Amino acid sequence: MVINGKGIAVSYTKNAGKKINSKSYALKPVDIKIVPGEVSFILGRSGSGKTTLLSVLAGLLKPSEGTVLYDAFDIYKEKDDDFSLFRNKNIGFIPQGQSLIQTLTVRENILLQARLSDSGSDKSKKADELINALGLLDRADYFPKELSGGEIRRCAIARALINDPKVIFADEPTGDLDDDNTEIVFDLLRQKAKEGCAVVIVTHEESAIRFADAVYRMDAGSLKLSA
Amino acid sequence: MNIRKLPLKNIILQKKRTAGLIIILIVLTASMFGGSIFIRSLNNGLDSLNQRLGSDIILLPKDAESEVDLKNLLLQGTPGYFYMDKSILNELENIEGIDKISPQYFLVSANADCCSVKVQIIGFDEKTDFTIKPWLHESYDRELSDNEIIVGSSLSTRVGHKLKLYGVEFLVVGKLEKTGTGLDTAVYTTGDTVKNLIKAAEDKGISILSKQNPDDVISSVYINVKKGYDIDNIVSDINLGIDGVKAVRSKTMMTSTADRLKTISFLISILIVTIWVFAALILIAAFYMITGERKREFAVLRVIGYSKKALGRLILTESVILGAAGSVIGIVITGTAMYSFNILINSKLDLPYLVPNAISTAVYVLITFISVTFLGAVSGMISALRAVSVDTGKILRE
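The listed protein sequences derive, respectively, from chains A and B.
When we follow this note's numbering, the leftmost residue of the first sequence carries the number 1, and every step to the right adds one.
When we follow this note's numbering, the leftmost residue of the second sequence carries the number 228, and every step to the right adds one.
Bound conformation, chain B alone (with noise of 0.2 Å):
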């Protein structure tokens, strides 16, 4: 018998003991663990939506349906197209101020072989996109051509797999990474593939444009404004000078989503506190009463010839390692969730979600881990006062 060893037998065998206590410590994991990584998944999808948009403004037909369409696409990725007319970025050309100008060309499939659902395909231009590119060549650095296309991480298609769009069939030569928002659900090819697919559609009989010509239309525009110049001058300078458009500047549009987001943040704040304050007094209470009921035990380890140092010792061994024990458990299984079903949670939120990435969960899992086993650690030490605090001769007379 390894005296080192009693601590552990007296986890191990004191199952109803160690089972309230790891459950009191699993809550306390769970709510700190998992609120982090919710608010942290939340503020990423937000940054990772910015970092995508790219632009300072973004141009879109002046009809009350293409702002939320684009809201729709970005946040929730739902498929959706509108049309301007091209002679647009000739007005443009007429605003002091712009620095880069990109259109970009919107169609939805009626189906592809990859997926169940439609597929929003994005066209952007070779020549002058600023936007996509960049983010673009994180997954293939040549220039596209033609038939070739670029999926979002959600499709369940690999790079060198043939995907047949509107009957055309397409080389996809690259897959993006998550950005944990509606662009995850979206294919990316040139501005002119998606006028082609136009025509193909055409021909197909399905309609998508009334009268004009695919070769005249785009869906929005995204500009960049030169600098020392105000972006919402700017804005006001296209909405006032040119019609059937809206200017909305990048970030005013996503105002609303991070305004919720915000909230949604500050809400699990205050709860991750409350339950943390809450279960760390259970815990706390629970330790108190738990070394009031092992009074006997103690003074019967003092009688043995056990010191106050030593008892106290063994009494925050014991809580160290249901503290780390606890936490273990509670971020496997929180993790375990939390991972397994991020496609659902995001998909219920209808907000930019994108979980953090192996480094930032390691931070967060060694976070949790010392703070939990450090709580375990101080409740036991508050025990192990109240134990050597009291004669051992009182106790055994009682």
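Bound conformation, chain A alone (with noise of 0.2 Å):
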């Protein structure tokens, strides 16, 4: 599935005093083309305008301007329920910061997304293999207050995962991960590039450039393809 963001930008209204309203961006009008197969990386310092970006590329923010295009499929065109059911069978958000459900174990946390738009598939086999290659295996029982940032983190990823997406974000994913870790979650990512899904990373981290294909870099709301 190919992702063509084109034109699109995030503004709102600055209001400067009572008659002076000014126009600001939080992400300049940017074409960006998403390639299956491929991991990008998109790198900035905080306050650039990434998760932004993500975020309209994922279909949780609507653009000011512009369009996004999965395939020919224009996302802020479609109708709630349609993109909501889309979003859920084939895209793997991984948010930043804690984004588990508090009332559900790790394991729940995994399955909600699955079991969502269940058409009768069992996730449980695909969800202990994820629970496994994530280091979760002595924590799947646990709710969310019960673990650490690391594993909450690596929850996120799992549940991003489990419905094999076709395309994948990942706001900071390893941001509260140590280097080993850090290395099981890029190739775990990595693998999914492979499997013919297409990545899209926001991090800070420099050092993590070895394993994209693709690296843009954010500089206060305007995005440039740096390889």
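For the record, the hints were derived by calculation from the structure and aren't laboratory data.
Being a predicted model, the structure only gives us computed values, none of them experimental.
Every clue listed holds true.
Listed below are the simulated SDA-like cross-link pairs for lysine to any residue, each with C-alpha atoms no more than 25 Å apart in a straight line: (1) A:79 to B:523; (2) B:621 to A:46; (3) B:232 to A:142; (4) B:354 to B:325; (5) B:535 to A:86; (6) A:125 to B:232; (7) A:166 to B:535; (8) A:79 to B:612; (9) B:621 to A:74; (10) A:145 to B:243; (11) A:145 to B:230; (12) A:62 to B:618; (13) A:125 to B:236; (14) B:535 to A:83; (15) B:232 to A:83; (16) A:33 to B:618; (17) B:536 to A:116.
Two chains, two frames, some hints: make the complex.
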């Protein structure tokens, strides 16, 4: 699945005074193309607009300008019900920070995305594989409040992968992880790309570039392809 | 993991949040259900009393205390007795417009083996009575023989048991339904039996009548007026034409009680509405604030594929379950308290108080349940609208 962002921008009106309203950009108009089988990195400092771009591409933040196409599918023109179902089946999104449902165990959190559009296929085995791969075997029945930051992050990664998505968006996926786990996560995402998945990772870790097929840099809302 | 269980899990596992909301819902339920049952009980009691009085006019001896005694008997169950000359019955025949008259005889037992307190004995005339027999027949449909009595619902004796009054043994042949009035603690028998009891008491040295013969006295007379005649005019005719008696219109006697009851009902209604408005606002605000606190959780649900509709449904389901649970708990607590302390409330009120029957109570339960659950749903809907109106991406950036 090819993702085409054309002229996408996120702006807001700044109230500078009684009469003067100036337009300010969180994301300046950009074109971006994400292709299957590639890991694309978006690097940049905090506040540069990386997460905004990721949210727009994932259909979570409507851009002020431009379009986002998944092949020929214009996600912001679709009905919410239809696109939500599409997102559930095709997009794995790993948000920044704590993103687990507090009332569900690790296993239940992972399975939640699968069960939402349950087509009868049992994803329990797949969940067990991911739990094992991400080192959460002894934490499978724990609730989020009983987990460390790294474990929460790994659980969110497993949840994003449970439906074998065609696109993965990861916002600082290794922020809370040690070197070993960082390696495991990037290997896993690299492996998903090899299987034909389009992977977009937002990070500020320059050292992770070695896992990338394409590297973009964000600076003050502007995007540049650097490699 | 079943996705449908998520609302229930959110409710069960977020204990503090759930407890806070349930407490507000219980207050709402208690004010509505408890208040309604209380007002209905007061109205039931007054209706029941008016039905039991069953006459247009009551005739009493013309001393200042007889009316107070009768009111105390009816409202608080305080036993009392007073007498006047039986010849008054003949004089009443000369008053135009009177349809029915029936005398009654009051006596207070010194002690009875059923009870730790004095018992009111009310005797009626089997031939002329039209006020007691209609509802006495609910529990006993034959004529009372000598030494047979029917007891009020609050006396701790049963049909078939024997009861001694002034040393005379009586057979309990019927027990009346609860009326919520002082009449629940009375014993009913024939006028002749009361006269015999007065004699028995005097044989034991207990002086009840100073000089008169028990056969020559009555305590009160119940009068019904012929159709087309003005009750107030007949009351005036009796008071002006017959010495030593005081005719009181039955309704007038209960006017002050009805007025008190109206005031109490009005104040309670205002209280219910006030509590409801405040508690409802607090509930809506609480749901709204909780939605604010949970916005990241909702954003995550959107990320994994919850549509706006599905998210709204989740929030609405949670609020409906909470509303239903809160109202059920509130109804059980309030109902248990009100029905358990029914006797205590009754005795402290000095007002007729008759709790609604099972069907009426079920109606109140249903109305309260629907109202509180509906309010929970409305609060949830407001929260759901808030939750789905924000861009998920904006919340994730925060």
